[in-house]
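K.L.:
Chains as they are written, first to last, in the numbering used here: chain B, 1 to 263; chain H, 1001 to 1090.
Careful, some of the hints might be misleading.
Label pairs and their computed distance ranges (CB to CB) [as the list claims (entries may be wrong)]:
#1 S1056(H) <-> T107(B): 57 to 63 Å
#2 A161(B) <-> I1038(H): 33 to 39 Å
#3 D192(B) <-> N1040(H): 33 to 39 Å
Pulled from the structure, derived: some chain B residues nowhere near chain H, Cβ distances all over 10 Å [to be verified]:
#4 G66
#5 I70
#6 V146
#7 G182
#8 F243
Straight-line Cα separation of at most 25 Å, DMTMM-like style, residue types lysine to aspartate or glutamate; simulated pairs [said to hold, decoys possible]:
#9 K1009(H) <-> D188(B)
#10 K1044(H) <-> E1058(H)
#11 K1020(H) <-> E3(B)
Just so you know, the hints here were simulated from the structure itself, not pulled from any lab data. From the three backbone atoms N, C-alpha and C, an ideal C-beta is built for every residue, glycine too.
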Amino acid sequence: MSEVIVVTSGKGGVGKTTTSANVGTGLAAMGKKVILIDTDIGLRNLDVVMGLESRIVYNLVDVVEGNCRIKQALVRDKRYPTLFLLPSAQTRDKSAVNPAQMVKMITHLRDQFDYIILDCPAGIEQGFQNAIAGADRALVVTTPEVSAIRDADRIIGLLEANEIQKIDLIINRIRYDMIRRGDMMSSDDVVDILSIPLLGLVPDDENVVIATNQGEPLVGSNTLAGQAYQNICYRVSGKEVPFLDFERGISFWTKISGIFHRS
Amino acid sequence: MFKNILKRKSSREIAKDRLKILLISDRVNCSPEMMEMIKNDIAKVISKYMKIDAQSMEIQITKTSGKGRNLKNPTLYANIPILDLHTLKN
């Protein structure tokens, strides 16, 4: 059974592409057959985050318009043989593809892959409609900021209106030092406001920038964000993984002081 | 001065409060003009039966207390000050 997952957020720059790249790579590392589809026509980015920009021949628009077969457009990942990227077109615009064409293409891909991950563009226009058209479930990415949460709420409403069955939340760029000072909303605050199930908490980690510079997703690496994305992948695949202390921002010293407080 | 420091809301609380209000109006998707029209119509109907203070009347759409995102049944609250219960009765 294949699962079609759309990664969306409404607001730009909150980490949709990073999340798509890491979730896709993490699932492939678990031995699953995964295809990542960049649906941001005109502003493609997933190829650079994956470090595959030099291998692109055909793109999503070529596939939809019938200029090539799907197989010809797929870029195989450098690291995992079961991971593929379908890049978006850089020189076209959002209207080059419509939702019906997306559904047709995804239906065709379903029997070849375990996971089809769609990286959605920012906004709620045609590009968003294209990305969610064939999706079974959605990962809504947000950061603990008023503007990102407001947009996430709007997106969740639209996903519900389009009858996406399963909608889960990923909170990105959490700064635990700021939460402790009372200057950032905690994950509980955000979940309370958006009222959808929480799938992952990703701390603000400079390793994400370094990984993007290198074109190497950091999922599974010995970094805070790498472990956080690893846990997200387990949860996506249906494994129950408890939220770790670092995900909740509980440091070693908070725990020690907790022991003293109790006694 | 010390009192002020204790009383001051953290920016986290400010953000949360602002969002809660913002999202209610975002979710119901009801324009201020439409709210005004609803308010005027309610005032007109109630005025048939009793004397009310239409100027200080307030209406508001709020989230139901139920958990989850089920906003299919939000509630419309109307706050209508009654000036005289008996004037228009006959």
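K.L.:
If a hint holds in the structure, say so; if it does not, say that too.
P.N.:
We went through each hint and held it up to the structure:
1. S1056(H) <-> T107(B): 57 to 63 Å: Holds, at about 59 Å.
2. A161(B) <-> I1038(H): 33 to 39 Å: Taking Cβ atoms as reference, A161(B) and I1038(H) lie about 23 Å apart, which means the hint is violated.
3. D192(B) <-> N1040(H): 33 to 39 Å: holds (35 Å)
4. G66: holds (39 Å)
5. I70: holds (36 Å)
6. V146: violated (5 Å)
7. G182: violated (3 Å)
8. F243: holds (20 Å)
9. K1009(H) <-> D188(B): Measuring from Cα to Cα gives roughly 18 Å; hence the hint holds.
10. K1044(H) <-> E1058(H): With a Cα-Cα distance of about 14 Å, the restraint between K1044(H) and E1058(H) holds, given a limit of 25 Å.
11. K1020(H) <-> E3(B): violated (33 Å)
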